[in-house]
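Enquirer: Here is what each chain is made of, one letter per residue.
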Amino acid sequence: MRVGISHLGNLSIMIKAWAQRLGGGLILPPANSQHTLSLGAKYSPEGLCLPFKLSLGNLIEACELGADTLVIASGAGICRLGYYAKTQEQILRDLGYNFEMISLNLSKDRLLGLIKLSKRLSNNASWFRVISALRFGIAKQIAMDKIERVVQKVRAVEQVKGTANRLYAKAIEAIDNADDYHTLKKVQRDYIDQLNHVAKDTQANPLIVGIIGEFYVTLEPFSNLNIESELGKLGVEVRRRTFISAWGKFSFFFNYLGLDEKSKIHKAALPYLKRDVGGDGWETVGEKVLHAKEYDGLIHLAPFTCMPEIVAQNIMSSTKENIPVLTILCDEQMNRTGMLTRLEAFVDLLKSRRRARNNTQHKGR
Amino acid sequence: MEAYIGIDVGSVTTKFAVVDKDGELISHIYLLTQGKPVQMVQQGLTQIKQQLPKEVDICGVATTGSARYLAGVIVGADLVKNEITSHAVATLRHIPEVQTIVEIGGQDSKIIIIRDGIVTDFGMNTVCAAGTGSFLDHQALRLDMSIEEFANQALDSKTPVRIAGRCTVFAESDMIHKQQMGHHIKDILYGLCQALVRNYLNNVGLGKDIRPPVVFQGGVAFNRAIVKALQEELNTEIIVPPHHELMGAIGAALLAHEEMVSSNNGSKFKGFEASEEKYHISSFECKACPNLCEIAQISINGQVLARWGGRCDLWERSPSN
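Sequences listed follow chains A and B, in order.
Okay, so the first sequence: first residue is 114 according to the numbering used here, each after it adds one.
Okay, so the second sequence: first residue is 44 according to the numbering used here, each after it adds one.
Hints listed in this document are in silico derivations from the structure and should not be mistaken for laboratory results.
Please note that the accuracy of each hint is not assured.
Capping the alpha-carbon separation at 20 Å, the derived lysine to aspartate or glutamate pairs in DMTMM-like fashion look like this [claimed, not checked]:
{"id": "1", "chain 1": "A", "residue 1": "K433", "chain 2": "B", "residue 2": "E320"}
{"id": "2", "chain 1": "A", "residue 1": "K362", "chain 2": "A", "residue 2": "E341"}
{"id": "3", "chain 1": "A", "residue 1": "K221", "chain 2": "A", "residue 2": "D207"}
{"id": "4", "chain 1": "A", "residue 1": "K274", "chain 2": "B", "residue 2": "D159"}
{"id": "5", "chain 1": "A", "residue 1": "K129", "chain 2": "A", "residue 2": "D181"}
{"id": "6", "chain 1": "A", "residue 1": "K433", "chain 2": "A", "residue 2": "E457"}
{"id": "7", "chain 1": "A", "residue 1": "K274", "chain 2": "B", "residue 2": "E276"}
{"id": "8", "chain 1": "B", "residue 1": "K221", "chain 2": "B", "residue 2": "D252"}
{"id": "9", "chain 1": "B", "residue 1": "K97", "chain 2": "B", "residue 2": "E275"}
{"id": "10", "chain 1": "A", "residue 1": "K464", "chain 2": "B", "residue 2": "D159"}
{"id": "11", "chain 1": "A", "residue 1": "K346", "chain 2": "B", "residue 2": "E359"}
{"id": "12", "chain 1": "B", "residue 1": "K64", "chain 2": "B", "residue 2": "E359"}
{"id": "13", "chain 1": "B", "residue 1": "K313", "chain 2": "B", "residue 2": "E140"}
{"id": "14", "chain 1": "A", "residue 1": "K283", "chain 2": "B", "residue 2": "E275"}
{"id": "15", "chain 1": "A", "residue 1": "K406", "chain 2": "B", "residue 2": "D164"}
{"id": "16", "chain 1": "A", "residue 1": "K313", "chain 2": "A", "residue 2": "D303"}
{"id": "17", "chain 1": "A", "residue 1": "K433", "chain 2": "B", "residue 2": "E276"}
{"id": "18", "chain 1": "A", "residue 1": "K129", "chain 2": "A", "residue 2": "E159"}
{"id": "19", "chain 1": "A", "residue 1": "K464", "chain 2": "B", "residue 2": "E301"}
{"id": "20", "chain 1": "B", "residue 1": "K251", "chain 2": "B", "residue 2": "E275"}
{"id": "21", "chain 1": "A", "residue 1": "K464", "chain 2": "B", "residue 2": "E280"}
{"id": "22", "chain 1": "B", "residue 1": "K79", "chain 2": "B", "residue 2": "E301"}
{"id": "23", "chain 1": "A", "residue 1": "K433", "chain 2": "B", "residue 2": "D159"}
{"id": "24", "chain 1": "A", "residue 1": "K464", "chain 2": "B", "residue 2": "D164"}
{"id": "25", "chain 1": "B", "residue 1": "K251", "chain 2": "B", "residue 2": "E276"}
{"id": "26", "chain 1": "A", "residue 1": "K283", "chain 2": "A", "residue 2": "E341"}
{"id": "27", "chain 1": "B", "residue 1": "K251", "chain 2": "A", "residue 2": "E434"}
{"id": "28", "chain 1": "A", "residue 1": "K129", "chain 2": "A", "residue 2": "D292"}
{"id": "29", "chain 1": "B", "residue 1": "K79", "chain 2": "B", "residue 2": "E98"}
{"id": "30", "chain 1": "B", "residue 1": "K92", "chain 2": "B", "residue 2": "E67"}
{"id": "31", "chain 1": "B", "residue 1": "K92", "chain 2": "B", "residue 2": "E275"}
{"id": "32", "chain 1": "B", "residue 1": "K251", "chain 2": "B", "residue 2": "E359"}
{"id": "33", "chain 1": "A", "residue 1": "K346", "chain 2": "B", "residue 2": "D356"}
{"id": "34", "chain 1": "A", "residue 1": "K259", "chain 2": "A", "residue 2": "E374"}
{"id": "35", "chain 1": "B", "residue 1": "K201", "chain 2": "B", "residue 2": "E316"}
Sample of chain A residues at the chain B side, in silico, Cβ under 7 Å [stated by the list, open to error]:
{"id": "36", "residue": "G275"}
{"id": "37", "residue": "T276"}
{"id": "38", "residue": "E286"}
{"id": "39", "residue": "N290"}
{"id": "40", "residue": "T418"}
Model, not experiment: these values are computed from the prediction.
Don't be surprised by glycine CBs; every beta carbon is placed ideally from N, CA and C.
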């Protein structure tokens with residue numbers, strides 16, 4: 114079986130490790146590129162969102178590489194994601210590709226669905242092999258996400274801009290090549306150590322900006338024109354709740370125990386929004402309320418035409434919690450210059466706001 | 044005499060402003076960019092040199108506008124600043140109590156919300172440039188009239204017609220439709236002004252807390268018919284400051300002054316001789332990955348000064364190294 118998937122941030126590293134331990138058979142399409150986007154945009158209805166177009170592009174590239182089975186994430190939420198697997202399947206069939214299609218409803222089938230899928234794709238491998246493969250994949254994901262959290266801090270204060278990004282790229286490669294837990298631990302320790310020793314501007318007291326919004330565009334740097342790196346160049350420290358490992362931890366394990374990280378966020382959103390509006394709209398509003406006091410500003414990333422995020426954007430502009438929010442709509446028309454102009458102006462705004470706040474505090478004393 | 048230059052290279056016009064150490068405007072130039080930002084920056088340098096008294100000493104330079112990085116490389120800027128901050132700085136100096144800045148330029152429009160002298164929110168047009176100066180120019184040209192005459196005729200209108208302003212393509216076909224039905228040109232023109240103002244407020248101004256005093260600046264503020272339409276729509280007095288078309292450049296000059304006061308280094312200004320240099324601009328497609336980024340580069344005597352346009356840092360080279 115030759116299984117094709119689509120990309121989401123560095124998720125492919127995890128899936129690769131998992132598939133290798135199950136005996137291979139994974140067709141990994143090339144990383145997201147302009148070519149992927151052009152393919153996806155060409156064959157998608159125009160009004161659909163960027164995540165749809167990019168993942169369709171990935172699947173086309175996977176089919177071209179000979180994939181005969183495609184795994185597509187689906188959902189039963191209120192947003193259009195529920196229709197994506199079916200729509201993408203139809204488009205790919207119209208293009209003449211032959212494949213078996215497996216839609217994976219993670220929000221419903223959760224961990225059990227994932228394990229059953231592994232059993233099926235590995236020709237009924239033993240339960241032990243299935244679970245240990247998945248465990249190793251998750252370990253890699255956790256290692257990558259731990260390193261990325263350090264990278265977000267270092268980017269803001271490194272003396273030579275780009276150092277953290279270079280180390281991060283090397284770390285991902287090393288994690289990809291790690292074959293056992295021992296190597297993986299060592300790689301994680303080594304790179305976090307190296308990142309901590311990067312020459313930093315010790316005087317800097319960087320602005321802190323939270324990234325909120327839709328899951329895919331916050332996690333896939335290609336779709337947001339590498340916004341976190343750009344903010345790092347401007348000397349801003351980025352914080353983000355959404356990480357694949359954090360999401361998996363709750364969706365696959367803790368939710369069974371009745372622990373839900375989202376309940377706190379939903380509670381914060383309640384005065385303004387009392388229900389799920391699809392996608393991540395409810396969380397976006399809640400995160401604004403929660404972070405208003407902690408962060409200097411928020412950047413709200415949303416795919417163009419994303420209904421849940423548009424609902425959230427309109428609600429956010431009238432909450433009493435006061436923190437500047439810059440909404441950036443991501444689509445294939447997005448241009449880098451326009452985004453940089455907005456980011457630079459936003460950073461100037463946050464700096465003068467912080468200066469004014471410090472001044473009033475001094476006067477108060 | 045100490046002086047600071049601010050250069051605003053926009054898509055349609057290039058503006059130079061020179062201020063003294065008290066921030067007073069001592070000289071300015073307004074040129075059409077004509078798609079040649081490098082030549083226009085050089086031409087501006089030549090002209091500004093002729094205008095300035097001999098004893099002037101340039102102590103700092105800043106660039107802004109959509110070609111700010113390019114202009115910064117050519118003149119040796121001490122500071123490269125985005126348009127939003129530059130506009131806000133200039134307006135706050137002249138009208139400290141301002142709460143809303145409406146800026147409509149050649150290809151883009153912005154709104155800047157200010158409270159207690161601090162920018163608290165801003166917006167720029169995103170997917171569509173409908174309602175900016177280029178479209179007005181295009182309509183004036185189509186009707187064979189100057190942009191001044193456009194404004195005068197529109198101001199004469201007593202019964203403006205309703206024009207669909209959501210998109211310039213539809214606006215134009217709607218204007219032609221109304222004209223073929225026999226409406227007066229002046230009523231169509233003022234109808235267009237109203238449509239553009241509505242479009243601006245519904246897109247760029249969406250969700251923004253617009254409060255007076257409202258200051259209107261940028262090239263389109265020359266058009267008194269648009270000023271009137273904005274005044275009617277917002278139902279408040281609209282202030283159009285003197286030199287409203289230079290605000291970006293003035294802001295950059297003020298920021299250059301601020302930058303040089305706080306830094307200990309001398310200015311990186313290459314001098315007015317930069318207008319004599321032969322800059323070479325070229326571009327190529329990077330084939331290192333499937334992104335096929337279009338990289339632009341500027342060089343002088345075969346030596347590359349800067350490159351940009353890539354998604355990654357492979358070709359990026361800051362002007363300083």
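Enquirer: Confirm or reject each hint.
Expert: Here is what the structure says about each hint:
1. A:K433 x B:E320: violated (55 Å)
2. A:K362 x A:E341: The hint is violated at about 23 Å.
3. A:K221 x A:D207: Not satisfied, since the Cα-Cα distance of roughly 29 Å exceeds 20 Å.
4. A:K274 x B:D159: Cα-Cα ~35 Å, so violated.
5. A:K129 x A:D181: Given pair A:K129, A:D181 holds - Cα atoms ~17 Å apart, limit 20 Å.
6. A:K433 x A:E457: Cα-Cα ~26 Å, so violated.
7. A:K274 x B:E276: Violated, at about 47 Å.
8. B:K221 x B:D252: Not satisfied, since the Cα-Cα distance of roughly 34 Å exceeds 20 Å.
9. B:K97 x B:E275: Given pair B:K97, B:E275 is violated - Cα atoms ~47 Å apart, limit 20 Å.
10. A:K464 x B:D159: Holds, at about 15 Å.
11. A:K346 x B:E359: holds (13 Å)
12. B:K64 x B:E359: With Cα atoms ~35 Å apart, B:K64 and B:E359 exceed 20 Å; violated.
13. B:K313 x B:E140: violated (37 Å)
14. A:K283 x B:E275: violated (59 Å)
15. A:K406 x B:D164: holds (18 Å)
16. A:K313 x A:D303: holds (18 Å)
17. A:K433 x B:E276: violated (27 Å)
18. A:K129 x A:E159: Given pair A:K129, A:E159 is violated - Cα atoms ~32 Å apart, limit 20 Å.
19. A:K464 x B:E301: holds (15 Å)
20. B:K251 x B:E275: It holds: about 18 Å lies between the C-alpha atoms, which stays within 20 Å.
21. A:K464 x B:E280: violated (31 Å)
22. B:K79 x B:E301: Violated: B:K79 and B:E301 sit about 30 Å apart, past 20 Å.
23. A:K433 x B:D159: Answer holds: A:K433 to B:D159 is near 18 Å, not above 20 Å.
24. A:K464 x B:D164: With a Cα-Cα distance of about 13 Å, the restraint between A:K464 and B:D164 holds, given a limit of 20 Å.
25. B:K251 x B:E276: Given that 20 Å is the threshold and the Cα spacing comes to 15 Å, the pair holds.
26. A:K283 x A:E341: Cα-Cα ~18 Å, so holds.
27. B:K251 x A:E434: holds (16 Å)
28. A:K129 x A:D292: Given pair A:K129, A:D292 holds - Cα atoms ~11 Å apart, limit 20 Å.
29. B:K79 x B:E98: Given that 20 Å is the threshold and the Cα spacing comes to 31 Å, the pair is violated.
30. B:K92 x B:E67: Roughly 18 Å between the alpha carbons, so the hint for B:K92 and B:E67 holds.
31. B:K92 x B:E275: The hint is violated at about 42 Å.
32. B:K251 x B:E359: violated (36 Å)
33. A:K346 x B:D356: Given that 20 Å is the threshold and the Cα spacing comes to 11 Å, the pair holds.
34. A:K259 x A:E374: holds (18 Å)
35. B:K201 x B:E316: violated (54 Å)
36. G275: holds (6 Å)
37. T276: violated (11 Å)
38. E286: It is violated, given that the least Cβ distance between A:E286 and chain B is near 15 Å, above 7 Å.
39. N290: At 21 Å from the nearest chain B Cβ, A:N290 fails the 7 Å test, so the hint is violated.
40. T418: Because about 11 Å separates A:T418 from the closest Cβ in chain B, which is outside the 7 Å limit, the hint is violated.
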